[in-house]
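Undergrad: These protein sequence lines are chains A and B, in that order.
As numbered in the numbering used here, residues 1 to 475 make up the first sequence, in order.
As numbered in the numbering used here, residues 1001 to 1387 make up the second sequence, in order.
Hints were generated in silico from the structure; no laboratory data involved.
Ideal placement from N, C-alpha and C gives every residue a C-beta, glycine not left out.
Careful: at least some of the hints might be erroneous.
Calculated cross-link-like contacts (lysine-lysine; reagent style BS3-like; alpha-carbon spacing at most 30 Å) [as the list claims (entries may be wrong)]:
(1) B/Lys-1369 - A/Lys-435
(2) A/Lys-302 - B/Lys-1022
(3) A/Lys-313 - B/Lys-1081
(4) B/Lys-1030 - A/Lys-147
(5) A/Lys-446 - B/Lys-1062
(6) B/Lys-1369 - A/Lys-302
(7) B/Lys-1031 - A/Lys-388
(8) B/Lys-1081 - A/Lys-435
(9) B/Lys-1022 - A/Lys-435
(10) A/Lys-320 - B/Lys-1022
Derived contacts from chain A toward chain B, CB cut-off under 8 Å, selection only [what the hints assert, rightly or not]:
(11) Phe-58
(12) Tyr-87
(13) Val-297
(14) Pro-300
(15) Val-384
(16) His-472
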Amino acid sequence: MIDKEVQDLEAAVEQIWDIATTRFGLDPFPVRFEIVPASVMYEVGSYALPGRYSHWTFGKAYHRMKMMYDFGLSKIYEVVINSNPSYAFLLETNSPTQNKMVIAHVLGHIDFFKNNVYFSKTNRRMVDEAALHSRRMSEYEFKYGRKVVEEFLDAVLSIEEHIDPNFFIRKHADDDQSKGEKKSNKPEGRYDDLLSHEELEQRIETADQSDERKHKPSIEAPEKDLVYFIMRNSPSLEPWQRDVMSMLHEEMEYFIPQLQTKIMNEGWASIWHSRIMREMDLPTSDHLEFAELHAGVVSPHKGQLNPYYLGYKIFEDIEKRWDNPTEEQRKLFDRKGSEGREKMFEVRELDNDISFLRNYLTEELCDELDLFVYQLVDDEEWTVTEKKWERVRDQLTANMTNFGFPYIEVVDGDYDGNRELYLMHRYEGVELDMKYARKTLEYVYKLWGRDVHLETQVDEEPLVMHYDGQEHDEE
Amino acid sequence: MSVQRNDWSLQRKGQIDQDRHKERVRDAIKKNLGSIVSNESIILSDGKRVVKVPIRSLDEYKFRFDYRKKKHVGTGGGNTKVGDVVGREGQPGQGPGQGQGAGDQPGQEYYEAEVDIDEIARLIFEDLHLPYLEEKANHAVPSKTTKFTEIRRSGILANLDKRRSILENIKRQARETGEAQIGPFKKDDLRYKTWEEQMTYESNAVVIAMMDVSGSMGEFKKYIARSFYFWMVRFLKTKYDNVKIVFISHHTEAKEVTEEQFFTQGESGGTVVSSAYRLALEIIGGRFPAKDWNIYPFHFSDGDNYYSDNDEAVKLADELISTCNLFGYGEIGEEGASSYRRSSGALLSIFKDRLKSQNRFVGVRIDDKEDVYPALKDFFGKRGDQA
């Protein structure tokens, strides 16, 4: 019975793969599907990667998700991991039709992972890497104590999103630079590993200076990557703590493209699950089940923004507009018509959510989706304040900038000549949650080990927050 | 491409980290007992076993925007116009509770943990006991406890002693095969634990809970007195089998009331504290003679006693103290008022000045909800002169 189920699913995977690749031209990594019970499903869902390190925040997320499932409030049908080969987890209680739709949806995601340019630098063996991290982390727990590691993780996690999303560019630049330093013009010879007289002198000299140099941060400010800056320059961290920071940095690098393309990724997967399912010759009853499921996934959530729905609608609109351009578009942009499919694939390759919305969210779509801007008025009513489509679009993209987090930079790692850390919030009209900022500053202090400062704005006036390990001060 | 179904039954990672989280919650509760003790959701829980308690230290702090000062984007059902109200502040679950923008989940203001009241009670009562409890042999009342004391060859399977059974098995294998190792079990190997009922004797104690319900006892003061007594009653009932509790409420007159009346009655009238003490003394004299009972009178008031009654109150309080193990008096101030603003005529300072036997008197001042827990500890906590 159970084997039969697996066999049926294998046959379905074959069929769906075939439709996706030959009929529609999707290009996913090979996938390993695994049927799992709810407890495992929610585990993978809450850790975002299987086998990741342990922390109570994952346990908290797990508990919440599992409870929602147990009470029948929400359900995850699948989790898919960006790796090569990819892993996809199917909930064991899924019906055959649900599974088919989920498999089609998953192939859409994996095609996106493989071909979208923002994913081009992600580590496709991140599952292995995360397992290694987890092992190292538990070694540290063993060596330094669980509480110690946990508390340190609390601190790092508080700023984990503040990394440079284009970190890979610098990584290469750093590598090149260090290579450049090592290279000399001398011909290679067998005694190259010995130092010449001049080199020896030089080394002694630099050793003399190194005390002085230590005082200067090795990375130039301003620096957006707080994690990296603190990891490299903190006056107080132990080697194992720097290692923990580097592991978390690496995991965040891996997750960032997913944060950057949520709407596109879900839209893309939804487009393809619907088209593939249409090609599948389902019996009527299954088709009804599918239609219901699909409607549930890509439906507007009133008052909120459903990324599946938004992405789905925009991709559909792109296809329509490039298939049947207006006279004006033909003339102005040289669109020939019937290029819809091609255009969709171009967009999935080159855009992220911000450029996707900026380039392809049209006035007609804004009207159709009934998008609006709302805000709190007089501290009591959430009121619609804007319906003009350009403003709505701009607000939407503004809210996504820096993944929705405040943009904070290190501007000085040797503030006051005293190795204090000076952070700057690049204020763009929205104030920080002050209570959270104070608490987070305490975490930053824990990482830096000396006084920390954060400059921001409140009521359009600059405000500098200080924390010295004992108390907060603001001026 | 492959489809697999593996055995995940041993997978416990999520469970284990969930336990880590629970542990954090417990720690946080311990640290926040002060505010939890007087949390409305507990005091007004109406016998519910699980309550939600806000625990601030479990937030995952990050630099984030002030959700209430930010503009959000939403989808409407069509025809939404500028000026439409999509939600109201302070009504969770309505309108924009959860924005879906990348990473800007506003979430709750704080993490609400679901905690079992018994769990909290256990933490609170850990160090509490009735102070100066004395043997009153005459009226010692037996109470039953069960103890596992014996090992037998027959019994119920639930009481199987696994360790001893394995040992017996190894011994038998050694006898039969010459090798001391575990083999197949026979009925002879099994050993069961059995229990005995033991009588323990506890001293009788009576707690006299007195509360001022006069007109000056406003919402806040009443609440404080009730949360103290809520925990006191709970504490006495969990820790002691034979503690009787007498409830007295008073304004200008005192009367004995039921537990329910005590916790729900409204307020009116002036304050004559001595009336309560006189009634307490009468009750002690009639029903709880001091030679047979440990006696603990507690009194909560705002200290705003009718002026000419103060002498009488002090006199009767002294009399109470002479018959009882400990007399506790809690004086509740205005919400948020600090001690220097207390009125000079208040009862607490009079008691502190004029009571003869101060060592069996505990007086505390409560100005804030957070003071309830310390008050509990002052009354029932460990004392220096007691181990």
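Undergrad: Taking the hints in turn, state whether each one holds.
TA: The hints, checked one at a time:
1. B/Lys-1369 - A/Lys-435: OK: B/Lys-1369 and A/Lys-435 at ~22 Å, within 30 Å.
2. A/Lys-302 - B/Lys-1022: violated (34 Å)
3. A/Lys-313 - B/Lys-1081: holds (22 Å)
4. B/Lys-1030 - A/Lys-147: holds (17 Å)
5. A/Lys-446 - B/Lys-1062: holds (14 Å)
6. B/Lys-1369 - A/Lys-302: violated (41 Å)
7. B/Lys-1031 - A/Lys-388: Violated: B/Lys-1031 and A/Lys-388 sit about 50 Å apart, past 30 Å.
8. B/Lys-1081 - A/Lys-435: violated (34 Å)
9. B/Lys-1022 - A/Lys-435: Given pair B/Lys-1022, A/Lys-435 holds - Cα atoms ~24 Å apart, limit 30 Å.
10. A/Lys-320 - B/Lys-1022: Judged against 30 Å, a Cα distance of about 52 Å means the pair is violated.
11. Phe-58: With a closest approach of 5 Å, the A/Phe-58 hint holds.
12. Tyr-87: violated (10 Å)
13. Val-297: Status violated, d = 14 Å.
14. Pro-300: Hint on A/Pro-300: holds, closest Cβ of chain B at ~4 Å, below 8 Å.
15. Val-384: holds (4 Å)
16. His-472: Violated - the Cβ of A/His-472 stays beyond 8 Å from chain B, reaching only about 13 Å at its closest.
In this structure, the hints that do not hold are numbers 2, 6, 7, 8, 10, 12, 13, 16, in rising order.
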